[in-house]
Structures are given as structure tokens and as C-alpha cells.
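Using the sequences provided together with the hints, build the complete structure.
Going line by line, the protein sequences match chains A and B.
Quick note: the first sequence uses the working numbering, first residue 1, plus one each step.
Quick note: the second sequence uses the working numbering, first residue 1, plus one each step.
FYI, nobody ran anything at the bench for these hints, they're computed from the structure.
Built from N, CA and C at the ideal position, the CB exists for glycine as well.
There's no promise every hint is true.
[As the list claims (entries may be wrong)] Residues from chain A that face chain B, not an exhaustive set, calculated with beta carbons under 8 Å:
hint : residue
1    : L133
2    : C184
3    : N188
4    : G322
5    : L378
6    : I390
[As the list claims (entries may be wrong)] For lysine to any residue, the following SDA-like pairs were computed, each having C-alpha atoms within a straight-line distance of at most 20 Å:
hint : chain 1 : residue 1 : chain 2 : residue 2
7    : B       : K33       : A       : P323
8    : A       : K100      : A       : K131
9    : B       : K33       : A       : R149
10   : A       : K310      : A       : G288
11   : B       : K33       : A       : N319
12   : B       : K33       : B       : K156
13   : A       : K145      : B       : Q127
14   : A       : K145      : B       : I92
15   : A       : K273      : B       : I92
16   : B       : K49       : B       : D160
17   : B       : K57       : A       : K71
18   : B       : K56       : B       : I92
19   : A       : K355      : A       : P376
20   : A       : K380      : A       : N361
Residues per chain are reported as follows:
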Amino acid sequence: MGNNNVCLAEIPVYRTNHTSPKTKTKWKREDLKSGSCIQTLVDKENNPDFFSQYQCGQELPQYRNKLAQSKWSEAFNSSLSIINDSQQTINSLIDKPEFKELVLLGPPKQFRWLSWMNLLTKSQPPISYEKYLENPPTDISNIMKDIDRTFVDNALFSHQSCGQEQLKRVLCALSNALPTMGYCQGMNFICAVLLIVSGCDEHQVFQAFMQMLINEQHLLCFAFSDDMPLHFFLTNLIHYQIKKKFPKLNLSDISDSFWLSKMILSLFTYVFKMEDCIRCWDYLMVRGMIRGIPELILAFIDATYNQLSKFQEEDFAYNFKGPETTTIQFNVGELIYLAKSNHNLDRSFISKFAKKMRDKNTPSQLLDLLQYYHNPQLYKKHVSFYVSTIFDLC
Amino acid sequence: MSLGYYDWLVKVIVLGDSGVGKTNILTQFCDSKFSQNYTATIGVDFKIKILNVQDKKIKLQIWDTAGQERFRNITQTYYKGAYGIIFVYSLIDRNSFNNVEGWIKSILESTTDEVCSILVGNKLDSQDRRVQTAEGEKLAQKYNMPFIETSALENKNIQDIFDRLGQNLKIRLENEGQKVSNNIHTQSGQFKLNQEVNQTEQPTSSCNSC
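Next comes the structure, spelled out in C-alpha cells:
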């Protein structure tokens, strides 16, 4: 399943991070140090030197590090029978307590999309894609403006008839399904990554994206709706944490927020290379967007601290324009390790921060919901009620 | 990555609807290239370029903004301290022209400072024109700003936008008197344009020539 190719491309990074581990973790940093590379099938076919160029170990093309390989193999071996079908394999794994750990280590390519789908849509009722495709949304002109300027360098989206058509349909259906949110720039990049990883399964991409928008773990609808409350909540939270954890880091006034906004609203796709971005999404799927995004951003600052602290204003301008121009180097495995071990945010911290940000004069539904974040059941109940009231889904 | 000596540092913002070519105008001006495979801007970006106006060097810090209405909350936080505004619409998108007044008003609402503005109609290369030159001229006259039609694709009149804006910026900056200019001279190279600095160095004289 899926046409993304993940392989063993070693990207050694010798750098010390700024903070020390907060919690004990089962992994060593070295376990995650090897990187990954993902290309679309078309890209690969276009490039006969793909395997040599990226040092893909043909014998182990699907795992990116030894620990992931051994853990996934172990998990398969303990399954009762030998299963050939990917779906059944994942089904046999999802109820195991270590499933989330396995995804954090990096799923093999044929299981990544299934792993994401299971994390996102497990026990969620499917939402009718066809129904929301029936009519064009009122904001279709906004969608059309972005269709031919979303990852057009990627083979999948370089031609109108190929990925662009699917991108358009999914975005239109999302806008119809959540009309009070509608289409917002940033969603185009997220949708494109889902299409790439899913192997262009637009039905599943729709289901997955819907859950990213309305599931209580993620609530991205609040990042894209008017006033973008989740974006402002997260930037505030991140600035607070930066002051606390990196007090000496002088992010100059002009540049402190604009790149955080890009990371949040495009889920790193605007800033990171595709393969790094997809690895970060492994983390986001397991952790949920609400905690996953700030944890990864803080880990990014941690991992690139020495580079960022030397930045002049021009450097910020050059380095956050897109993955092609950046000179910042980091190892994505290291990023995930740091996010998990050093920058883990408690549920109660999210609640407290939401309560602190609440303001009687400007009511915020997001903050009203997040104040219950410390109590998962209660929080889930409130979110379900909110979503069913605001969005009439079928 | 210092760009060397300059006389003034000026913040400029580029505003206009989504897809009118704001990023392409800037890429053409700053990097002398046009990218067919361009990308929608998320939030804001900025570029830095030194502009020579007669004997003076103006260091432009140009903020490129996302055009979609919803991003206005984010982009508005970058309006403050701007000396120059470039309003862009597309000659082949009638709506983008109709919305220019909305953009102008958003500036008038959020800043009380006098700014040097210019109105730009982009995509002059296209055969499918929907906004006549006279309409652009009339709108520019109404708000007392220069007007120019450009093509980022063919690099037509792009330099002119900044030359004309630079002329007006220079006149205005010189009107401010020696004080500000001296102040920046001493800090040249490390001077950062931020809110506080702007408030103290904001000119009080109005800019009739802009």
C-alpha cells in the first residue's frame, strides 16, 4: 500500500542538543539517528540512479533504522499466523500496547498509510465522501487558485490530470463537509502529503483529513477557521516554552512568529523536506496535533539551537522560504527523540494554558474545550458535542 | 550574511488578493528570476534588498503576505512600522481589483502613520485583460498614489515599482531631518527594525509627495 519509498539513507548529524531528557525512554538516541528518504514511485522511475543515489539498501528497503526493523519483525513474529495481507497485519498490531511505539520508530513503507489510517480513523464512523462531492463549495475559487501551486515539483502534482484533480476533489469535499471552516491555505499542502503517502487513495485521504480536522486529538479545524484560534494558541504556548526553556535564545522581533506560523499551518510541509516531514507526521499521528505540533517545534529549536542562535534577520528570511533554500541541518530521528523525551507536554499543562488564555471579552470555543484537556473523557465529550452541533456530518 | 552599508532601513509590505503575483514580483525584483512552479505563500515571508536611489542606499525589508482573507489576522501583525506599501492586483482578475480598496482600508484602519504607497496591476503579459489601465489610474489617483502596470513573468516594469517607491521613500526620509538618519548611521549593520525602534524614529511630518 502506498507509493512512498522509505529507505536507509544515513544522514549523520553530530550535534549536541540544548536540553537534557525529561523522562526515561526506551530508546537510545542512536536508534533514531538514521534518516529516511521518500520519493513517489514516479520520481523513482524517472531516476534510474535512485537506489545508488540515496544509498537504499535493497535488502532492507523498508526500514529506516535497526531498532525499527527488529521491533517490527518481533511484532510480526508474535502474531499467531503468518499473514500476507497488509491490512490484516496492521489489524493484528493495532491493539498491541507497543503499536504507537512502533509507529514512532517509523513504519515500513507498506504499513505507513495503514498505520496512520488506523490511528486516525479507528472506531470512527466513516463520513460520506460522495455526498460532499455532489456540489461545488462556495469557496471553490479559493481552492482553484492553489491547485496548480501545491508541490508542483512533485511528479504526482505536476500534471493537471494526475494528483491535481484529486487534490481539488478532496479539498472541495472538505470545504462542503465543514462549511463554517471552508478552505484555508495550508490545507492544500496537508492534503497533498496525504495523497502521496496513501498512494492517491482519495477516499481514504478524505476520511483521514476529516479526522485530523475534527477528532479531539487533533482539532485542526480550529487552525483553519476564521481567526485561526489553534494557530494563536500554539504560537502563544510555544513562545511561553521558548522563554522558559531557551531563555538566552534571541529570536529577533521580526522573525519570531512568521516561521512558527508556517510550521503550524502547513504541518511542516512548507519548511521541511518531504521525507523529514513524513517522519514528523508519524509523530503527529501518534501524539495528536495539539501536543505533537508544539513538541516537534520545541524539539526543532532544541536540535538546531546552535544554528538558530547565530541567525541574523536575513538568515530567517532565507531559511524559512521552503525546504529548497534552507541551510539548517537536523536529523529527523533526533527531532522525534527530542520531542518525545525532552519536550513532552502534560495534558494538565495544556488545560492550564488554555484557562490562562481565556478572556471573558473575547470568548473562544477552542479554549473552552481545551480547558478540559486534562480529563480525557470529559474533554472528548465536550468536543463531540461541539463538533456535532457546529458541523452536521453524515 | 550582511548586505553591507546602507543609509536607511525601511519596512515595506506587499498586499493583495491570493494569486495576483505578489511573490513572483518580489522574486523577480530580489532574485531576478521567475518561477513557473510557484507556491502559495503561507502567512508571511520576507526578503531583503538594497535599493539605490540617487546617492542613497535604502535597505528594503520587504514582507510578502498571504492573500487569503483568513490570514489577515496574521498579516496585520506585520503592518506596524511599515513605511512603504505595495498594493497588487491582477489585470486578469476583476475581483482582485475590486478588493484593492479593502486592502487600502485595512491599512488605514490599522495604522495611523503616513505611508508611501504604490498601486500595481500585474500580469501585463496576459491577453485576457479584465481591468483597463484607466481604471487603475483612477483608483490610484483617488488614494493619491503612483500607479504602474507590470509583468513579473516578462520582468516588465518590476524595477520601476521599487524605483518609484524608493524616490518617494527618499523624499520622505530626507524630510525627517538629520536626526533619524544619523541615528541609523551609527547602528548601521546591526540595526533591527522593530516596533520600539519604529515608534521612536517614526517621522511626524506627513508625506504629501507619496
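Hints violated by the structure (numbers, ascending): Failing hints, ascending: 1, 5, 6, 8, 10, 15, 17, 18 and 20.
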